[in-house]
Every structure is written in structure tokens, then in C-alpha cells.
Amino acid sequence: MKKPIIISVFFFLMASSLFPQAGYSEISSMPGAFSRLGFGARGIGMGNAMSSITEGNLVSYYNPALSAFQQDNSFAASYSFLSLDRTLNFLNFTKRFELKSKSQDTAKRQVRTPGLSFGIINAGVTKIDGRDNQGMQTGDLSTSENQFFLSFSNRFSEKLAIGLAVKFYYFKLYEKITTSGIGFDIGALYTLSGRMNLSLVLTDLNSKYKWDTAPVRQESGKTTENKFPIGKKVGLSYRIPEYKIIASAEFEGYGKGANFLRFGAEYNIYDQLFLRGGIDKLNLSNKDYPARPAVGFSYFKKLSGFIAGIDYAFVPEPYSSSGEHILGINVNF
Amino acid sequence: MKIKTLFPIVLTLLLFLTGMGYAQISPESYGMKREKIQKTSSLTPISNSISDILTVGDTVWVGTSRGLSRSTDRGENWTNYYGTEAFGSESISALAYSNGVIWAATAHSVEKDGQSLSEGSGLRYSKDNGNTWNAVPQPVDAPGDSVINYGINRLRALPVTVAVNNLAYDIALTPGTVWISSYAGGLRKSTDMGKTWQRVVLPPDRLDSIMPTDTLHFALQPVAGNFGSESNLNHRVFSVITDAGNNLYAGTAGGINKSTDGGISWQKFTHQNQPSPISGNFVVAMGYNTETSSIWAATWKAEETSEFYAVSYSKDGGSSWQTTLEDEKVHNFGFKGQDVIATADNGPFRSSNMGQSWILPGQIVDKQSGISLQNTVYYAAASQDNTVWIGTEAGLARLNETGSMWQGDWKLFYATQPLSSQNEAYAFPNPFSPDVERLSIKYSTGGTRTNVTIRIFDFGMNLVRTVIQNAERGASFHAVEGQSNISNGVIDYWDGRDENGKIVPNGVYFYRIDKGSGDPVFGKVIVLL
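Heads up: the protein sequence lines correspond to chains A and B, in order. Each residue of the first sequence is one higher than the last, beginning at 10 in the working numbering. Each residue of the second sequence is one higher than the last, beginning at 146 in the working numbering.
The shape of chain A in the complex, shown without the other chains (with noise of 0.2 Å):
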């Protein structure tokens, strides 16, 4: 069985032609793009298309209501390898409670399993060469971007689970200067049927940030209110167990000229090594907008009471010096 392996090269190979002129949409210029790029080497690995997947290490991330469907505690903490002096670094941990019912019906005891994730996204940018209105150097200047979330969600039956992100966003920007919100993500999963999911997700309602200037430039300091786009995501994932593969799609809309499909595909090639592959962010509103496609890898290893694994994923980045490697670790216990 080589097809998996055959479609994630045919996706990286297709990653030039997915690259055309770069083309403009409007979410570009709005804030929050660190938040948008993805969670982790799993997810970034699989083209993001991660809302409807239920198997193997989940992160809320990408649809709230994954959490009750994590086996065991799973713990991540990802580093990304970017070029420009760019900082991208997650970290996250999933738990599904098994809460004892007070209901003697052991099937809607077993059902009804909330589920925790809560993570941090952390971005930044370092060597950014402060200068003053001559070109005269005033020292390096660096910025720290970060998300913290937490989420609940629940089985209300064994084919729904409906969860709840709060959103919190912190960011620094320069001296004196820094700013914070508070977004939600609302997410539903549906299961059609024994291999196939069904996700929606609504993302960053009511998420923003406040800037007031005023510390740094004085009378001419400002109050500004920028909000984040909201994305609405539909996934879809199936899962085909004979032959250890899970595939998803998923579109995710934001108007404003950005209007995404995404593709991501593991294969559990042998023992515990998953390959990955997937491709990001094809822009059905902006053809020249362009795509990201992405491989992938995670090793696990069985050790004494928990189960250590690395993740890996590649992306060749449009437009900058290099491409994206995201190094990670994980662990179940």
C-alpha cells in the first residue's frame, strides 16, 4: 500500500506550482496572524485540516469539542524553525475526565466524557533594527505575541460533542506598549458514522485588541481597535482502518477575499511511525493567494507508564529565505 505516501509527494511536489504571484486578501492586514498558521507538527503536518479528527493527539485548538475524544492525558510542546528572526512555539495539554455517573446505565455513563485541553501559542519576532527618522540606530527591538486557551467540551450523545474555547491574547509590541483580549471558538462534532466525522467550528468571536499609544507618542498617541477575522470551518474527516489511514478536508471561511480548503492525510505506516502530508490554505476566493503545502512525521516509543513520541513537520514558506520546520515532542500517560 503506497498510495499515502505516493499523495503526500504528489502534494509536496505540486508545492512550486501552488506558489504563484503573491496575491493580496484582506485577512493579511488583520491582526492575529501568529494564531492563524496552525498548532503544533501534527496539525501543521496535516495541512491544518484537523478539526474533524478524533484519533491520536488532539488539541482544541482546532475545534473545542476534541477534547472528550482524547485517550489518556496527552502533553505537547512544539518549536518552530522559522527564517526573519520569527518565533512560533505551542504547547498543550488534552485530558478527557472520566467522570463516575451517578447513572447506572453504564452506556450513558460511558457517553457522557468531558473533556480539558488548554495550550499556549507563543510567537515573536527578535532582531527588528530600531531606527530613528535619520536611519541612526537606536538598538534591536523584539516583540512577544501569544494565545493562551482553554477548553471544555462534552459528549451530550455518542454522536455529538459540542465544546467551548475561551481565547486569551497578550501581546507586546514595543515599550510601554501592549495589549490583550479575550476571544471564544464555539465547536460541534458529529460523528456520521463509525469512520467518518463531521466538524464546525466558529473561531475568535469577539477577539481583539486595544492599542493606546499614548505612553510612547505622546500628543500624537492614538486608541485603535483592531479586530481578528472570524472563521467558520466545516471539516470533514474519514478514517479507513484496514489500511491505517485517516483523511480530512476542511473549509474554512473568512469572506474578505480568504476562503480556505484544506487537505490533510496520516498514515500509520508501521508500528508507531505516522507519516503526514497536507496541503493548506488553497484559497478558492484568490487564486493567486498562495498555498502551503506540508509533510510530516511522528515516532512514538512505549516507555515505562507513558508512551514518548516526536513530531515533525515540514513547510515551505512563499516569499520568505527558508521554510517552516516545526520540531516537537509528546507525551501520553
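None of these hints come from the bench; they were simulated from the model. Since we're looking at a predicted model, the values are computed, not measured. C-beta atoms are modelled at their ideal positions from N, C-alpha and C, and glycine is treated no differently. There's no promise every hint is true.
[Unchecked claim] Partial chain A-side listing against chain B, Cβ under 10 Å, derived:
#, residue
1, L93
2, L97
3, A132
4, T233
5, K290
6, P299
Given chain A, put chain B in place with the hints provided.
Chain B in isolation, oriented as in the chain A frame:
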């Protein structure tokens, strides 16, 4: 959970948190360190932030954020005083000249209670055209200086014992006397070349005039505090001028004060106390045009809703005022013959008919270099015969006016750091505010003409704006320094807007410069509105 289980988690957390430690690194100082000066340019003033311009015969004096600059050949060569023993790293806040003596007031920024405040650092004067300078410390009061004798009155006076918010925004010179408007320090005069200073008593907010024979009960006090609850906006002084008859005019946050007896008695003109009043009581600048015997004042809105931003002018010594250029925030005045130039947020407005109509110069472009003056705030203007000088926060401009108003060749004096190699690029100012300035992106084409594309990206390298695409650049056109050589800089500009023309949100953006078939050059900028 077992220790063995916890260990990898803790280790990972530590590794992760190490990566998170990218907090803001604050520059040690926003002032340029003297040792960092690589080139004390004699072709431009050393700073592009021009606060004041003064012309005396063939000499032009320019006050900047990096001290004083002087040219005696109409800008072909400059002497910069930044870093000298006399001026150190101080900024210039005001200039004045009379009878062979040039005066310059200096100041700098200080951090106090999380705020950046201006602090006066005194005055300098030269009697030999800037060859040698005498230093005068910023006038402050002794803690016990709490009483002033004014005619028949002993008035309480708040001792201004510090130089914070006490700096000379303006200087006026009358025979034998130097006058400074020093904001919280009030109006002060010296009759011994700055060795000693006397505080000048102006009317309180509630009185329209004072004279020594009046019986008065008020405190000379710009702000309320422990000294007393009285707070007089009219004791916060921002501008001072003298007319041909040596009458004095002091502009404050509470109106315009006129004295015809050498600063003893004062009459106040406000938006409220005249049938034909000034537009607003916050008077940030004034000028006197000897050709038309007219007084010009930048009268900003102060406290009352009926006040408004405008230029107020008087042809009868302040008895009545007309207003013009409404809603413009004017910062200063310059004159060319009968013409008045009001330097404002939106340009150097010029009128040749006493403010009835105003004309802007249009885009100011240096034909020789191709560099244009970007959207900026205009702070100063002056003239020498047919030469007009305009000072902005983004450079100094000179017009050799050969035709009608604003007609002629412009030259821009634009100081930038040279590039160290043709592979270097930098953008400035960084951070920049698209509201008030444009980002200059300086790079090299190696001294040759080539097609250049500059694009702006967000954190995810998504396109925000194509600044120029396959535009021909290089050689002498758009070159900043001299003629073609490999480090000759080319400058292009980003206005901080996206492809839809909207100003982008605060954040970090990346620029990519593609020059011919060579490797692209990247850089990062912070947008801070």
C-alpha cells in the same frame, strides 16, 4: 505520577519557556550616542527633525533634535554643533538673533512617572557667528522664591525649582533684554545676558489686565498643588515675540498678553474678552511680520467648546483679531516679504493677501535625487531673498523661488545613515506611525539601474502590500548620497497601508526587496500608530 514520568514533561516545559522569553528589549537610549556617529555630514543638518529656522543675512541657522546646524552658503555646506562641548547631545527648542548675537535654547527628554517629559537645559549664545559659545543654565527658582514684588503688591509665586516642563519654547530679544517663554517656568527676562533672571508677572486667568498700581490678589502659579489651589493657564507661557516698537507679546495657554512698557503692565486678549477675538486661547506660536506690521498667532483650542484651531492675526497691535486657516494645527510662522507661511500638520500654508487665501506648495520633490518630502508635520519656515526654507520632522527643504509663489527648484536635505554594503537595507523610522510619517526603505542597487520589487508581508508571510513592482531604480535617480557607487542608497517609501488602502494594524511586518535577479533582501518593521 512517577518522577520518571514527570521528568520529560518538566524538561520540555523548561525548553519551551526558554523559547518564550522574547519580551521587548528596550533600547538603552533614544538619543544617538556620540560614538555612534559615523559621519558628521557637512552636506545636511545632522537631524531630519527640524524645530526652528532662523536666517540672518547669508547665514541660515537650523534648530534640530540633534542640536544646531549652520550654513553660510544657503545650504551647500553645513556646520553641525551636535556633540560639541557647547551643545552636547541637546535638542534645540528655540532660536533668536539680534545685534550680532545668536541665541539657542536647548532641551532633552526625561522619563518621569512613566511619562516622557521635556526638560530645559538652558541657553547658549554666540557673539562671533557660532565660533564660540557661552552657556546659560536653565533658569530655576530657589525653594524660598515664593514672593514677587509687583508695584504696590507682594504676590505669592510658586517657585519653579526644576527644569522638567521648564524649557524655553521661544526667545525674544529687546535692547538689553532676553525674554524666554518657558512653559511651566513662565515668562522670564534677563538683562545681563542670562546671568540672572527675573520672573515676569502676567495676569491671572480671571483678569484681563494688570498694572503695578492695581491692588491685586493672586498667585503667579501655573498649576495647583501644595503651594495653593490656584492654577493659571495664563502663567504657562509658550511663545514670546517683540514688534518693531519693542512691544512684547506673550502667548500662553490662556491667551495673548501684550505689554507696551517693557513687560511691566499687561493687557490680555482671549477668545472670550474681545468682540473680534482670537480663535483659541492656547497660543503655541507667534510671529511678527515687519513688512505688514501684523502679528500672527497659532491659536489652538483650549478649554471652551466655542474655541477652535486656527491662525489669528492682528493688524492693530492686538486690539482686534481676524481668524483664518480654521481647523489647522499650526506650529510656527515664517515670512517672505509680505507673505506669511504658517507651518502646520498638513503643510506649509502660504498667504500673500493677509490670510484671505492660502496656497500649499504641492509635492516637494528634489529633482536631482528624486527624493520627495513625505507626508509629515511642518514645524518651521524662513526666507532669504528668493530662498524659502521649510523645516519638517522628516527633513529640511529649500526652494529657490524663481517664478510665482512656490515655483522653482526644491532641494531636500535628508540625513540618513550610509549603507555599509550593497547587500544591506534598512527601514526607518522603526517603529513608525503611518498616521504621521512614511517608512523609508533604504537599499542599494549597486550603483546600477535595475528593476526593483518591494513587498510587505505579515507574520505568516502573507502579502500585505506591493510597494513597487519592477520599478526601475538606481544610478543617480532616487540615490541619496552623491552619484553612482556601490553603497549609494536608494530610498522607497511605504505609507503603512495595505493593498486596499487601509492603514494596517499595529504589529510587525516584513519587507522583501527583489533587485533584478539577485537574492532578495529582507527586513522587519514595527507599525505603531
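Here is how each hint holds up against the structure:
Satisfaction of the interface hint for L93(A) is found here, the shortest Cβ-Cβ separation to chain B being roughly 6 Å, below the 10 Å cut-off. For the restraint placing L97(A) at the interface with chain B, the shortest Cβ-Cβ distance is roughly 9 Å, inside the 10 Å limit, so the hint holds. Because the smallest distance between the Cβ of A132(A) and any Cβ of chain B comes to about 7 Å, under 10 Å, the interface hint for this residue holds. The interface hint given for T233(A) is met, as the beta carbon of that residue sits about 6 Å from the closest beta carbon of chain B, less than 10 Å.
Here the hint on K290(A) is kept, as its CB sits about 9 Å from the closest CB of chain B, short of 10 Å. Hint status for P299(A) relative to chain B: holds, with the closest Cβ pair at about 8 Å, below 10 Å.
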